[in-house]
Amino acid sequence: MEIREKKREIRKLVREQKAILIPQFGKYLSMAIQERLLQMEEVSAAETILLYYNLPDEVETTYLLEKLSSRVGGDKRIILPVVDGENLLLKEFRPDKISGGYCNIMEPEGEECVAAEEIGLAIIPGVAFDAGCNRLGRGKGFYDRLLPQLKCKTIGLAYGFQIVDEIPCETFDRPLDMVLTENAIYRAPL
46 MEIREKKREI RKLVREQKAI LIPQFGKYLS MAIQERLLQM EEVSAAETIL
96 LYYNLPDEVE TTYLLEKLSS RVGGDKRIIL PVVDGENLLL KEFRPDKISG
146 GYCNIMEPEG EECVAAEEIG LAIIPGVAFD AGCNRLGRGK GFYDRLLPQL
196 KCKTIGLAYG FQIVDEIPCE TFDRPLDMVL TENAIYRAPL
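Just so you know, we're using my numbering here: the sequence shown kicks off at 46 and counts up by one.
Hints should not be assumed to be uniformly reliable.
[Stated by the list, open to error] With a straight-line Cα cutoff of 25 Å, these simulated SDA-like cross-link-like pairs (lysine to any residue) come out:
1) K198 with D129
2) K63 with K142
3) K52 with V128
4) K142 with D102
5) K198 with D141
6) K52 with G182
7) K52 with E154
8) K196 with E61
9) K196 with S144
10) K142 with E61
11) K72 with K196
12) K63 with S89
13) K112 with K142
14) K198 with K57
15) K142 with D175
16) K72 with S144
17) K52 with M223
18) K63 with R122
19) K57 with A161
20) K72 with E50
21) K57 with S144
22) K185 with E61
23) K196 with R183
24) K57 with Y147
If you are wondering where the hints come from, they were derived from the structure by calculation, not from laboratory data.
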């Protein structure tokens with residue numbers, strides 16, 4: 046089986062599991078993952094954090110936005126991605142200037158772009174991950190194009206059932222530094 050076919054198969058299997066488990070346990074598991082992330086030294090140390098505004102089938106991030114953003118109740122500069130053609134632009138989160146963009150994902154409106162070098166920590170979504178912190182996205186390559194620009198630690202958020210035995214990798218695939226689930230932290234091999 047070729048790599049792209051294996052990736053499609055993993056996406057299909059995880060999508061089936063999400064359909065069963067997220068309606069029942071998604072909110073509870075998301076809260077556990079977010080609380081776990083908030084306890085991490087990497088979060089405390091970072092001044093500017095790239096976060097994502099979750100889709101319904103992803104680990105929720107709204108609690109993180111509330112707790113971390115200096116614009117709401119925290120002390121961090123929060124950056125969200127904005128889809129621009131084939132790429133992601135990075136813009137500062139302002140709760141009063143956000144609207145649905147690509148695939149109805151909430152995106153900051155009209156803000157100046159932030160350079161990737163300004164990010165101190167990046168929180169990245171994914172469809173599936175493996176114990177080596179390899180990531181499988183939705184297949185559009187947005188984060189594949191962004192990750193090489195980031196010079197900071199990268200942490201994937203996932204439900205435990207999104208961890209698979211092996212993510213087939215292509216030359217453009219980059220592992221994250223860590224993947225955090227409700228009951229485990231996976232670290233990329235050095």
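Run the structure past the numbered hints and jot down the numbers of the failing ones, going up. Of the numbered hints, 2, 5, 7, 8, 9, 10, 11, 12, 14, 15, 18, 19, 20 and 21 do not hold.
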